[in-house]
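Student: Put the complex together from the two separate chains, hints included.
Protein chains in written order, with this note's numbering: chain G, 1 to 344; chain A, 1 to 291.
Honestly, I wouldn't trust all of these hints.
Said to hold, decoys possible - Chain G side only, calculated, beta carbon under 7 Å to chain A, not exhaustive:
hint, residue
1, T68
2, P72
3, A73
4, I79
5, F81
6, S83
7, M102
8, P218
9, Y222
Calculated from the structure, these hints are not laboratory results. As the structure is a prediction and not an experimental result, all values here were calculated from the model. Cβ atoms here follow ideal geometry from the backbone N, Cα and C, with glycine treated the same way.
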Amino acid sequence: MAYLELDRVAKQFGAQTVVDDFSLAVGKGEFISFLGPSGCGKTTTLQMIAGFLDPTRGAIRLEDKDLTAIHPAKRGLGIVFQSYALFPHMTAAENVAFGLEMRKVTRSERTERVRAALAMVGLAGFEDRHPRRMSGGQQQRVALARALVIKPSVLLLDEPLSNLDAKLREEMQIELRQIQRTIGTTTILVTHDQNEAMSLSDRIVVMSQGKIEQIGTPQETYEKPASAFVSQFLGKTNDFAATIDRTATPARLAAGSWSAPAPAGLSGPVTVSIRPERIGFGDAGLNAKIVTRIFQGNHWLFQCDSECGPAIVIRQNDGERQPAEGEAVRLTWRPQDMSVRGVA
Amino acid sequence: MSAAAEERNARAPWALTAPALMLFVGVLLIPLAMTVMLSFHDWGQYKGIEPVFILKNWREIATDPYYAEMFWRTFRVAILTTVLTAVLGAPEAYILNRMSGRWKSIFLLVILGPLLISVVARTLGWALLFGGNNGLVNKLLMSAGLIRSPIPFMFTETGMVVALAHVMMPFMVLSVWAALQRLDPQIENAALSLGAGPITIIRRIIMPQIMPGVLSGAIIVFSLSASAFATPAIIGGRRLKVAATLAYDEFLNTLNWPLGAAVATLLLVALVLIVVGSNALIERRYAEVFR
Ligand SMILES: Nc1ncnc2c1ncn2[C@@H]1O[C@H](COP(=O)(O)OP(=O)(O)OP(=O)(O)O)[C@@H](O)[C@H]1O
Ligand SMILES: [Mg+2]
Chain G
1 MAYLELDRVA
11 KQFGAQTVVD
21 DFSLAVGKGE
31 FISFLGPSGC
41 GKTTTLQMIA
51 GFLDPTRGAI
61 RLEDKDLTAI
71 HPAKRGLGIV
81 FQSYALFPHM
91 TAAENVAFGL
101 EMRKVTRSER
111 TERVRAALAM
121 VGLAGFEDRH
131 PRRMSGGQQQ
141 RVALARALVI
151 KPSVLLLDEP
161 LSNLDAKLRE
171 EMQIELRQIQ
181 RTIGTTTILV
191 THDQNEAMSL
201 SDRIVVMSQG
211 KIEQIGTPQE
221 TYEKPASAFV
231 SQFLGKTNDF
241 AATIDRTATP
251 ARLAAGSWSA
261 PAPAGLSGPV
271 TVSIRPERIG
281 FGDAGLNAKI
291 VTRIFQGNHW
301 LFQCDSECGP
311 AIVIRQNDGE
321 RQPAEGEAVR
331 LTWRPQDMSV
341 RGVA
Chain A
1 MSAAAEERNA
11 RAPWALTAPA
21 LMLFVGVLLI
31 PLAMTVMLSF
41 HDWGQYKGIE
51 PVFILKNWRE
61 IATDPYYAEM
71 FWRTFRVAIL
81 TTVLTAVLGA
91 PEAYILNRMS
101 GRWKSIFLLV
111 ILGPLLISVV
121 ARTLGWALLF
131 GGNNGLVNKL
141 LMSAGLIRSP
151 IPFMFTETGM
161 VVALAHVMMP
171 FMVLSVWAAL
181 QRLDPQIENA
191 ALSLGAGPIT
201 IIRRIIMPQI
211 MPGVLSGAII
221 VFSLSASAFA
231 TPAIIGGRRL
241 KVAATLAYDE
251 FLNTLNWPLG
261 AAVATLLLVA
271 LVLIVVGSNA
281 LIERRYAEVF
291 R
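So here's chain A without its partners, still in its complex pose (with noise of 0.2 Å):
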């Protein structure tokens, strides 16, 4: 082959994913950078984006305990609904497994089906339920005297977390899901007949063998519920804030951009150590099931 066609060849890599990488790159890469250098701007009420390096931002958040107070609740929040998804839905996930023929895919329609509705929606819906004195499962509960005020929903964390698992189900539902179909359809019977009971397979057999899917599964809930928006927006409004809706404030309301491109910026960070770190120690640990 000639130098030049072998350059060509080299270059054809290149030339095939260049409009992918370019898309990537201009709405994606740049964008992200132009927020990290924006984190590190000055803004002031009259003034506006003065375009500086400073670091009075990122020493903002670092000292101000409110945000510090906010991180913790994003994340607690985030693990806490991880947690829930985990505990309901890969229980579902092995039921629904079990199921035969129609009812499985009736069953796997109404999991999947709350997708289909808007974020917005759902949440709402949970508001309309559990929303103060108006609510209607309040309303019921009070007039049958089992409960003397509110069961308390809005503006808490525990309503944050209910309504972040009830949006969130689906994947963890799923993704354990293609775990359960990669077990051999055997391998019940096999420890059945060596012996054991009910209760050992799945501990014993099944839970190791679906750990990798829950895991998974549970990336994805938690980077989903710690960057989530629309439902913390709905539920905790402005008097409990994440991350994602302190910094939708900064930018939209108080417009101090730098210090809005600071918060995304460390929750970003913060998102992808963490997604990285345990995805690498999940690899690791899980390696033979993997394979």
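Next up, chain G with everything else stripped away, as it sits in the complex (with noise of 0.2 Å):
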């Protein structure tokens, strides 16, 4: 059964929609992704489940009880910002135990929680540091703690990494994944970054102006993407114009010198999606030719021009042969590996 639930939400700002039939279920304790590019509507939707926005339309309930109904101080949610949003006239300790003031907690337990909350996150020590005294990834922390010291029923994070740098949002990421297992707190996290979706979540929600395009695991959403949208969205892909011939026997699907039993259902002028991995060098095949050849340690890169336009081609490096750059190589893939879509 749904934990939290959104019904078919829109949001509008004057006469641009910005959010539109938003409907997604969340298990309890599971850990969900918005993904999509800049301006499609993530914050938009996190803050009308935090309750600083007012859906145009839909509901948005959490255990069955309608959230919209309920004042955001109410709704015992535990909030990331962008910004973190700390206060910055207070101390980590005192910024973590806000939430409990609110709470009327006493004095004693107050002190206890925060210094466990401080501690989970790596933070033991800190109490007495102001925000501005502390780096970026400290800072997220506190925000961190903040947010779940309270014991929120759902965390929301907006784009919580985004300012940290690579080595650190790594280690960010493993430590959030670690802690949202340990405690089980219901999650949805915002973020533009693929490979952030795809290491932290049970789920994807991948977003595009507004709308959903696809919703799945994280494997899903990368082998089986519903659309062009979210196979170009989730990591390297190629898509090749094929067509579909119903009138050979059997019917056949062919791209360029690439030639398979076809599919059911389709026909006519249809796109494969093959992502580069996927695609190696055989005897038979698409037609290409090597035009560069990148080393990156445990694989290469290989940068085709193909009968059918530009392609990616990713190889492992297991210390075999590879073709040089101007070689002139067959391109070939399991039909297992690709997605077929008609063409809109």
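Tutor: Here's what the structure looks like:
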């Protein structure tokens, strides 16, 4: 049963529809990511759940209770803002204690819980620091502790890691996931970083221009993208124009000189997309020429010029000989590794 | 680098600042020093100014209770004006900051507009509204039977404080406004999500963060009010003198320049001490917010 449910939620600013027809059911303890390019309405959706914005249409329910009828201060959600929004005039401990104070938790319990929360995010001993005297990563941890200490029913994270450098971001991702696993808080993370969404979430909601493109596990969205947008947005992909010929028996799908038995359903011109790491070099298949070859440690990246336009191929660095730049090759892949879409 | 070039380099900053420095020394420091010296000179009705070194003027200021009362009035008026502008100006800036788009610019203009009008004109406006039996508001209220005698405004400290507060308000609003701009736009939402009500948010989150702005606004308003001339001159006239109007009278009416210089010097020294002292206190107290 759904713990948090968004039912055809929409938000308009004046005439502009920013979020439209947004339906999502989040299970208890689940880690969900909203993934999409800048301006697609991720923050707006999160703010509607938080209660800072009212949806124009639709309903938001938490444990079957109408959430939109509850004042934001009474929703009991934990929120980490992109800018952290720490209280600069309070120490780390005072920041974390604020939510507990509002809940009239006794002083002794408060001290204990603040200490535990700061220890959990690895900030034991930083109780008396002011936010402006802390690094970005430390501030981020204080913000997380402040949101978690009130034992929120849902944790909302708005691009909490985007201000951190690459290495710190990776560390925090692992830590965030561990903390979430340990305490089991239902979590929604907003991000425009596909790696972050993939490595953290149970399910990803891919958004574009205020609409949901696909909801699925990281693997599903990566391997079975529901639209061209999803396949382009989640990592590199090759889109080839192809045709399905139903007059032949059995019906065949052909992209240049590569062909395979056609899947059921579609016919005529289609688009096939194949991830670069699923393409191999073989004796038959799409004619192509290697344009550049880039060594990236554990793998090789090839940019090719094929019959069907530019193509990218990634091969594991397994010690085998790899084709050189300028060499003519044949590109081949297994039919089950591609996804086929009708041409819109 | 050769020694000569090094020397030239060391001189360059001085050479570059020389014109401004000369202007500063010429029109500010020298007259100021002369004013201080003047305050130690003697003066008589018939002999005029005598360039000697005596403490007569300072002794007079220190012993005659008239001066003590006048200085107390000056600072009382300045403090009350400061408090009034802070109490009205800080919420005003906060509300202004929360307005959206077009209304914000319209109201900002309304608040800053008075700066474009001469202080004299604005103060005379108050006099026209409340001045004795002929003041517009007094006339209206009296004919409506709400009051029997006109609200006393002219030649009162209350009148001075009200008119000064009106004149000084933009400085307070601008100063608080600047502090509000530095607030994280999500800070109120953060407090809200943690369960804080609107009053708690203002008291615990907003106020402490804009306090430096209120205090620096207060320093500006206080020093401008304590040394204000036009408004106290129009509202207080000869009857209710403050330091600036007294110094003016000594210089231009009594022609007792040395005594006027002593009053002006004392006002300057007191103001500098108060402003520097409170500024140091504020910076220490709000180190965390200022950084
Ligand atoms: N208060 C508002 N009034 C009008 N339009 C708004 C308002 N807030 C957001 N928008 C518009 O709504 C759209 C979505 O904004 P939103 O902040 O939800 O994007 P986002 O997905 O969070 O993007 P980012 O990754 O850049 O944070 C944008 O086009 C933005 O211009
Ligand atoms: Mg956003």
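Student: Each hint should be assessed against the structure and marked as holding or not.
Tutor: Hints versus structure:
1. Taken as an interface hint, T68(G) does not check out: its beta carbon lies about 15 Å from the nearest beta carbon of chain A, beyond 7 Å.
2. Checking P72(G) against chain A by beta carbon gives a least distance of about 5 Å; that is within 7 Å, so the hint holds.
3. Look at A73(G): its Cβ gets to within about 5 Å of chain A, closer than 7 Å, so that hint holds up.
4. Annotation: interface hint on I79(G) holds; nearest CB of chain A at approximately 5 Å, less than 7 Å.
5. At its closest, the beta carbon of F81(G) sits 5 Å from a beta carbon of chain A; the interface hint therefore holds under the 7 Å criterion.
6. Below 7 Å, beta-carbon pairs count as interface contacts, and S83(G) has one with chain A at about 5 Å; its hint therefore holds.
7. Contact between M102(G) and chain A, as hinted, is supported at the beta carbon level, the nearest pair being about 4 Å apart and thus within 7 Å.
8. Here the hint on P218(G) is broken, as its CB sits about 28 Å from the closest CB of chain A, past 7 Å.
9. Because the beta carbon of Y222(G) sits about 32 Å from the nearest beta carbon in chain A, more than 7 Å, this interface hint is broken.
Going through the hint list in order, the structure does not satisfy hints 1, 8, 9.
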